[in-house]
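These protein sequence lines are chains L and B, in that order. Take the first sequence: its position 69, counted from the start at 1, is 69 in this note's numbering, and no numbers get skipped. So the number in this note's numbering is just where the residue sits in the second sequence, counting from 1, plus 479.
Quick caveat, the hints were computed from the structure, so don't treat them as lab data. Take the hints with a grain of salt, since some may be wrong.
Stated by the list, open to error - 20 Å max Cα-Cα, derived SDA-like pairs, lysine to any residue:
(1) B:K537 to L:Q50
(2) L:K418 to L:S218
(3) L:K121 to B:K502
(4) B:K682 to B:E921
(5) L:K23 to B:D877
(6) B:K600 to L:Q50
(7) L:K405 to L:K439
(8) B:K537 to L:T323
Fair warning: this is a prediction, and the values are worked out from it, not measured in the lab.
2 protein chains.
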Amino acid sequence: MAEEKLPTRAQDFSEWYNQLVLKAQLADYAPVRGCMIVRPYGWALWENIQQALDRRFKATGHQNVAFPLLIPRSFIDKEKHHVEGFSPELAVVTIGGGEELAEPLVIRPTSETIIGHMWSKWIQSYRDLPVLMNQWNSVVRWELRTKLFLRTLEFYWQEGHTAHATREEAEAETRQMLDIYTDFAVKDAAIPVIPGKKSDAEKFAGADTTFSIEAMMSDGKALQSGTSHFLGQNFAQAFEVRYLDQNGQLQHCWTTSWGLSTRMIGAIIMVHGDDQGLVLPPKLAPYQAVIVPIFKTDEEKTVVLETARKLKAELAKADIRVTLDEREGQSPGWKFNDWEMRGVPLRIELGPKDVAKQAAVLARRDRPGREGKISVSLADLPSTVERLLAEIQQSLHDKALAFRKSNTHDATTYEDLKKAVENGFALSFWCGSTDCEAKIKEETRATMRCIPLEQPGGSGTCVACGKPSAERAIFGRAY
Amino acid sequence: MAEEKLPTRAQDFSEWYNQLVLKAQLADYAPVRGCMIVRPYGWALWENIQQALDRRFKATGHQNVAFPLLIPRSFIDKEKHHVEGFSPELAVVTIGGGEELAEPLVIRPTSETIIGHMWSKWIQSYRDLPVLMNQWNSVVRWELRTKLFLRTLEFYWQEGHTAHATREEAEAETRQMLDIYTDFAVKDAAIPVIPGKKSDAEKFAGADTTFSIEAMMSDGKALQSGTSHFLGQNFAQAFEVRYLDQNGQLQHCWTTSWGLSTRMIGAIIMVHGDDQGLVLPPKLAPYQAVIVPIFKTDEEKTVVLETARKLKAELAKADIRVTLDEREGQSPGWKFNDWEMRGVPLRIELGPKDVAKQAAVLARRDRPGREGKISVSLADLPSTVERLLAEIQQSLHDKALAFRKSNTHDATTYEDLKKAVENGFALSFWCGSTDCEAKIKEETRATMRCIPLEQPGGSGTCVACGKPSAERAIFGRAY
């Protein structure tokens with residue numbers, strides 16, 4: 001498959017993405033419109049994302065659970081904004097065991113409703129709070145325009161749900177989880193993200209406030225990469241989630257929810273990938289290093305493979321995720337291209353001459369050509385690999401941050417904003433009105449991505465209407 | 480919740496089970512009939528089961544993937560036995576995004592069909608084989624009589640799917656996975672199981688041969704606890720899964736599938752549990768040890784909690800899953816009962832007198848009363864805990880094996896069989912005919928559980944019809 005070349009990103013970014021996902025065997029189209037199959041290489045990447053997040057969730061006291069995928073249709077109707085937002089997107093089960101169901105069931109689009117229903121049974125007293133839960137699952141939303149990983153009918157994610165005694169605690173939780181997403185994106189996915197607040201128009205259906213992390217793809221467009229919602233008492237009131245406080249008074253709980261999905265894989269592809277294919281951050285890459293053996297004669301093959309296998313065992317012992325490409329019938333050059341396309345951070349080339357001098361050639365995926373190649377003695381290999389993986393991780397992040405900075409413009413006039421969102425972000429004062437937001441969207445196709453938590457300070461005038469404004473917002477065209 | 484006593488197993492085994500699942504907060508009933516919510520304690524147990532199996536799957540070359548939960552209805556019809564077996568149990572989605580679907584979709588009851596469909600695209604040559612895949616997910620089967628963990632409309636499991644070039648390889652894979660299930664059950668769940676072959680009447684809809692592991696619950700009934708299917712070329716023919724062999728000839732693949740589900744949690748409850756509650760095998764227990772602090776005055780509390788927290792940190796450092804019960808407002812006695820009910824293998828009691836002599840009292844869950852209690856110096860605690868956990872693990876297995884042996888009878892006559900299956904297994908010669916199997920089932924409510932792979936040898940006459948028979952089979956009443 002590696003023979004057919006990808007289109008370059010400059011030629012057709014969207015087609016470069018679609019073909020890369022297929023060629024790298026991350027995912028494939030399912031026989032049901034808009035659904036995807038996540039193939040082993042894609043799922044291994046997702047498993048690493050899961051572990052990196054799950055560790056953080058558990059360290060902050062959250063416990064995993066599993067709520068059913070079938071929800072009574074009537075539950076969706078109980079929270080007035082929730083039903084408006086999700087009704088058009090539901091997949092409905094009307095037949096079970098050969099019979100028409102008395103009440104239709106929906107496949108969860110998200111689980112606030114069924115969780116609220118159960119919390120109303122489980123939570124009685126302040127002693128039962130906080131409740132800190134998370135689940136790893138898939139949900140179904142009937143999207144019309146789909147794209148692998150970015151928007152599919154069924155997608156994989158985690159959904160965290162928590163209940164608290166006070167508004168302050170729930171707000172702190174919402175922010176804590178946003179911080180965790182930011183920390184994960186920056187440190188593990190090497191993606192600099194902007195944490196901030198969404199507008200009322202773009203918030204979750206049923207939330208008081210939605211926060212998100214926003215990333216810039218290498219075509220300058222934005223991708224919302226994780227969200228954390230402060231749900232106020234909306235769902236607690238709809239489902240009667242109440243507790244007896246220390247004074248014996250019945251109170252409604254304050255709840256939150258937060259989710260990060262397989263979209264993150266799309267972000268990793270579009271932030272780090274180049275015209276040769278994927279470039280995976282070492283911390284999440286299914287294979288951090290690949291050994292490609294080089295030989296011509298059978299004798300060379302014996303010697304090279306023997307050393308390569310030893311090397312593989314040594315690297316694995318040092319907790320490096322390594323594979324040895326022993327595929328028959330393919331040239332080393334073909335293998336180089338194949339693993340480049342699949343984004344393995346480090347390639348280790350080993351031929352008879354290398355074995356003779358007890359060395360190997362290391363090639364960095366993030367620095368193509370000779371520049372990224374060094375010869376390393378076999379004795380130093382594990383420590384050098386470890387060092388280089390850390391360097392690549394940092395370098396990917398720094399490159400993405402520099403790219404975002406150079407494509408983010410302080411746009412003070414509407415003309416500036418229009419120009420900025422052609423291929424990047426505009427950071428502009430915004431009065432906060434839905435009208436201005438809608439006008440910008442209609443006229444520039446850019447949406448208000450978020451009001452960054454980190455504000456440079458000062459005040460100015462709204463980029464759209466000129467009214468005095470206290471906060472700057474990020475505008476950009478988005479996936 | 481621990482105040483209300485469970486019924487004893489002798490009084491009402493079924494009710495003991497139902498109440499225990501709820502009281503131990505392993506699971507709860509969902510608002511949709513027959514569905515369950517797996518609560519944090521139950522899910523933590525399942526996560527440990529997942530890790531123990533996933534490790535074994537990956538060590539034998541399998542890779543995890545994710546296929547969609549929605550399958551076109553027409554796929555189910557393509558394999559003639561599959562459609563017969565699964566049609567009555569389907570949940571059907573007829574509406575998506577507010578519109579009637581042109582073709583109804585089913586929620587996967589299992590994934591052979593959609594995987595076969597995709598393999599026909601992915602597999603071209605013998606070089607692509609074997610394909611060794613597994614997925615962790617949930618499936619939906621519209622069961623009429625349900626029971627938490629044992630039989631629910633939606634249940635959690637892994638489904639492995641593999642494709643091979645030859646019959647021999649696929650048969651070897653089927654047996655390898657059965658061995659892995661056996662190894663897991665014996666070593667991790669401390670459940671002695673009988674691996675064997677199912678009858679044609681009980682095999683998977685679409686399989687040539689089904690193997691299972693069968694366990695005896697502590698009421699003498701059988702629970703099928705994992706299955707491995709040799710699917711022959713049935714699905715490969717239905718979905719045209721073919722490969723070019725080394726001679727350039729197009730051949731159908733040979734495929735297998737194998738699954739183990741949250742039923743295993745039911746097995747753990749019913750094999751090891753006692754009248755006080757759960758007894759969890761240390762290798763899978765969410766908490767292997769719980770520290771219960773004992774104090775009266777505030778001064779004692781300070782001293783005891785300080786030592787307890789240190790102890791917890793030390794045990795955690797030794798990779799022991801430990802919790803410290805700091806709940807306010809509950810007496811140590813109440814906590815003892817609560818953790819006993821929840822089956823934590825070791826309780827560590829720590830009071831001011833213990834702290835004074837730098838010791839703690841260890842109580843084994845599997846040996847109630849004074850017999851299971853010892854005082855251990857704090858310095859020796861981590862190593863003693865490790866040793867005791869290993870002892871408990873072995874002891875649970877041995878007890879279950881002894882129980883099964885004493886309740887399994889070599890039944891040579893039909894009368895013997897009838898008596899044996901009243902509260903255990905009958906091991907009897909069976910001619911292999913579906914008629915004899917059906918007669919036994921109708922007259923005794925016992926089913927042919929499996930023909931054990933391990934046969935004592937010799938030959939005899941069928942327990943039902945008297946015809947010469949070469950193999951012995953296990954008969955028992957089953958969940």
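Evaluation of the provided hints:
Pair hint K537 of chain B plus Q50 of chain L holds up; C-alpha atoms about 17 Å apart against a cutoff of 20 Å. Annotation: proposed proximity of K418 of chain L to S218 of chain L holds, straight-line Cα distance about 19 Å (limit 20 Å). Proximity of K121 of chain L to K502 of chain B is assessed by CA-CA distance (about 14 Å); at most 20 Å being required, the pair is judged to hold. For the proposed pair K682 of chain B and E921 of chain B, the alpha carbon gap of about 18 Å is at most 20 Å, so the pair holds.
Of the pairs offered as hints, the one joining K23 of chain L and D877 of chain B is violated, with about 52 Å between alpha carbons and a cut-off of 20 Å exceeded. Our distance criterion of 20 Å between C-alpha atoms is broken by K600 of chain B and Q50 of chain L, whose separation comes to about 29 Å. With a C-alpha separation of about 26 Å, the suggested pairing of K405 of chain L with K439 of chain L is violated against the 20 Å cut-off. With a CA separation close to 14 Å, the supplied pair K537 of chain B and T323 of chain L stays within the 20 Å bound.
The structure does not agree with the numbered hints 5, 6, 7 stated previously, though it agrees with the rest.
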